[in-house]
Every structure is written in structure tokens, then in C-alpha cells.
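Novice: These are the residues of each chain, in order.
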Amino acid sequence: MTGHAAHGAKPLGLLKPLVLLLVGALVTAGSPVVAPPASAAATSLPLKKDSVRFAVIGDSGSGETGQTELARLLAERRADFPFEFVVMMGDNIYGRDDPRDYREKFEEPYAPLLQAGVKFYAALGNHDDPKQRFYEKFNMKGERYYTFKAPQNGVRFFALDSNYMEKPQLEWLEKELAASGSDWKICFFHHPLYSSGKKHGPAEELRKVLEPLFVKHGVDVVLQGHEHFYERMQPQQNIHYFISGAAGKLRPSDIAKSDITARGFDQDLTFMLMEIAGDELYFETISRAGKTVDAGSFKRAPEPKKAS
Amino acid sequence: MFSRLRGVALAVAAMWLAAGSGEAEPPVNERARLLQEFSDRAKKYVELHEKMAATLPPVPDKAEPEQITAHQKALAKAIRTSRAQAAQGEILFPEVVPVFLELLRSELKGPQARDARATIKEGNPRVEKPTAPPGEAKPKEVVLVVNAPYPEGAPLSSVPPDILAKLPKLPKPLEYRFVGGHLILHDSDASLVVDFLKEIVA
Chain A
1 MTGHAAHGAK PLGLLKPLVL LLVGALVTAG SPVVAPPASA AATSLPLKKD SVRFAVIGDS
61 GSGETGQTEL ARLLAERRAD FPFEFVVMMG DNIYGRDDPR DYREKFEEPY APLLQAGVKF
121 YAALGNHDDP KQRFYEKFNM KGERYYTFKA PQNGVRFFAL DSNYMEKPQL EWLEKELAAS
181 GSDWKICFFH HPLYSSGKKH GPAEELRKVL EPLFVKHGVD VVLQGHEHFY ERMQPQQNIH
241 YFISGAAGKL RPSDIAKSDI TARGFDQDLT FMLMEIAGDE LYFETISRAG KTVDAGSFKR
301 APEPKKAS
Chain B
1 MFSRLRGVAL AVAAMWLAAG SGEAEPPVNE RARLLQEFSD RAKKYVELHE KMAATLPPVP
61 DKAEPEQITA HQKALAKAIR TSRAQAAQGE ILFPEVVPVF LELLRSELKG PQARDARATI
121 KEGNPRVEKP TAPPGEAKPK EVVLVVNAPY PEGAPLSSVP PDILAKLPKL PKPLEYRFVG
181 GHLILHDSDA SLVVDFLKEI VA
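First to last, the sequence lines map onto chains A and B.
For the first sequence, this note's numbering gives the first residue as 1, with consecutive numbering after it.
For the second sequence, this note's numbering gives the first residue as 1, with consecutive numbering after it.
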């Protein structure tokens, strides 16, 4: 994104790098509710009593050095922010996926978390063989789409298979959302409904069928991957959309900032930490360098009125 | 009053005649018959899949990678062996091809289908030219041959939800996928190309 700011710039001689840095910083600055610290060794999350704490990673399974480095930082951050589980946005295992790849692209990078009892819940990406749904450590229970409740009451997650959104999945989602009552409703899947990515962009066909259900049933948060960067959208119809698809691969300078971008970061690998306490959700996005690139909080919107 | 009753009676009679003759809408009936036959053939394939799967130890819902991979390979081998003579057109048989072409092309044609065309390029192995992590060979090309394995590491295309809603429903684990501009029937558990239809879109 900082690179994007340079388009059309006139030659500025020695001042150019400085100006570009300044412009880049302005362009990447969104409207975080809480201003992110320049660098943070400790979490900015409030660690409230009985809160639901989790991490978000997407497009992680590259097996490359960057994945390992980010995974190490994620494990270190757990000392400050003891999250209980991790949600995965898909592309969990890139390329070859024989047993050694499950080890090299998942079990080894995240070994400290797995050994500490942290659970991972995966969604399928377009690089994932659907057979991953049987893998014990992805906790999908043999299903390509599924729901689970956070250990504490009041927050329900819905993992979707955005590769193949056919009628039975949509019917299942509608039924499960309707049954989830007053819980926080968090959907996560691979292809982003809103995106400022130059390479992929938004999955508009998917949005046509999913967004009406999200709005009707009061989905609060949607977490997605596929784009190899971080992006937070301005809320769309009271729904908070995030892209967190840079836990193993990065597509530098791929964000073409749009009106709906609240904050974007495409200069390093990232993961997210989230905390839900009562009606408030707090989030922090951290880069491989340990910098907080976005942070903030919001209150959930009131429940939609039931259709008569 | 009488004239209104007479109108209703005539309309009912016309509907009865049209429904009873079987000739009023022959293309629709023929189309329905072909699609039913397609569904029957897909079902027959899945019965074979299930029969082969029943000869193998089942994959537990919480499996180790070795169990998952071994099961998939054994299942693919058993299916390939049992339908070694299968050729293109066994499920997507020649008479049903025009129905699929009409259906798909109407959904993918024109400016209003821009998003649908973009969707089938997402993850499409012949559009994205997949790379591999360092130290790994690039995924092989998807070969349009019945019983060919869908190559390990090759991405799977998205399929627009509107198209899935219009195509005949496939029994699990069969799925529609796009490879370039071609449509394949993919056995997602055995990771096999089961049948295919070439050049659906340019």
C-alpha cells in the first residue's frame, strides 16, 4: 500500500524518500478507534475477566521461513495475551500435502501452541484438499462447514467453505444462524466479500448470497483470508469485515485503497488477536517485526428485529 | 357471470390438454429426461465410490495425516481399477452436453456475468499458474483424462453460487470445478477427474 502511494509522484530529488514515507504513512492510516502504538512488546488488549480470547491467521501454510517466524511471535505473544484458540482462514497447507507437509507447514511452526493445548479451527481455502477436514488438529470433525461455540458463553463461530457455496451449505448456515440466538456471531472463511486487493479483489458472487443472510441474522464479524495482506473495512451494514491472509505469504503493495478501507497493511506478514468481553470486541493486528499495525474496539450492533 | 365462468373453464381445459398430451412442451420434457439421466449416472458413480470406500478402513473424523493420505490414495486406486474402462462422456454423456452448454453459457455470457466469469478464474489451476513453496516441485498440470488424479498442490477453482444453484445437484463427493475453460466432475474425496466437458468458456 505504501508503494501504491508513489504512483504519479513527480521527481523530488533527495526529498522523495522522505515524502514517500510520509505519504505512505498517511495513506495507510485508517480510522482505528484506538491509535496503534508505534511498536508494542506487550498487548494493547484489555484482558478483561472471563473474556473470549483468540487469534486469527490466514493463508498460513507455506512452510516458509516467514511462517515460522510469525508463528514464533504468535506463541510469544500468548504470554501477554493468553488466547485459547486460533481460527484459520484457509490455505492451511500450500502445495504438496502429504503427511510431512502437515508437519512442516502446520505442526512444527505452531508446536509451542499445540503443546500448550491451544486449539486450531480451520476453514478450507482454494489450495486446501477437502480431505483436511478429517485432520484431528484442524477440529473440523469431518465437515467442510461447521459451527462451534467459544469456551465461554456468548460467542459462536461459523466456519464456511467459500470454495463451493451450494444450496445445502446456505440452508445449513441460515438454520444455524437462526438458532444461535443472542450470541456474538462470527463467520470465517477464505474468499473475502470485500477487498481492495489488486490481484483478487472482492468475491462479489459470494457476497450476493452470503451478505443477505449475515444481515438478516445479525452476524457481527466476518473474518477472511485469500488476499495476502491485512485489511479492515469500514463496517458494511453493521458488519465488521477483516482480511487476515498474511500469516504465511505476503503480496507486497497489493492494496489499492478504496473508500471502504479503514486500514490496510501489506508490507509484512501479520496475525490478529481478538478479545470479546460482553458487547465489546477488541482487536490488535501484529506484524512479523512485532509492530502493532492496527488496533481498536467496537460494540456490537443491536440484534436485528425478527421477521414477522 | 356466465362469460367469466366460461373463460375459467376454457383455461382449465387448455391446461389439462397441454399437460396430458405430452407434446405441448417436448423440449422441456426432453431436457428434464436428459438431466434425470445425468443425475442417475452421477448417482451410479457415487454408489461405486461408496462400494470401494466400504472395502477400506474408514477415516475417523479425527484422523492423523498418514491415515488421511493413505485412505485417499487407496480409494483412488480402487475406483480407477474398478472403472478402468470408463471414458469421457460416461456421466456427461453426449445428449446432455447441449443442455449443460446452454445452461452454463447463458450464465457466463454478457456484461452481467462479469462477476461469475471472475469467480471461475479464482483458484483456477490454468489461470493462476500455481507456484510451489521453496524446495517443492510445482504442482502438475491438471490432465483432462477420466480417472486422472487431480494433482496434489493444484488449487481448486471457485464455482459461482448462482451456477451451482442452476446445475443439476451432484451427490457427494462429486463436485463441479473449472480447469481453464473446461468443466470437470471432481471426486473430492478420492481427488480424481471423473468426467469432463471441454471449452465451456473461452
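There could be a bad hint or two in this list.
As the list claims (entries may be wrong) - Partner residues aside, some chain A positions facing chain B, computed with beta carbon under 8 angstroms:
1) Asp-129
2) His-200
3) Phe-298
No wet-lab data here; the hints were simulated from the structure.
We put the beta carbon where it would ideally sit given N, CA and C, even for glycine.
Novice: Next, verify each hint and record whether it holds.
Specialist: Right, here's what the structure says about each hint:
1. Asp-129: This interface hint holds because 7 angstroms falls under the 8 angstroms limit.
2. His-200: holds, 7 angstroms
3. Phe-298: Nearest chain B Cβ about 29 angstroms off; hint violated.
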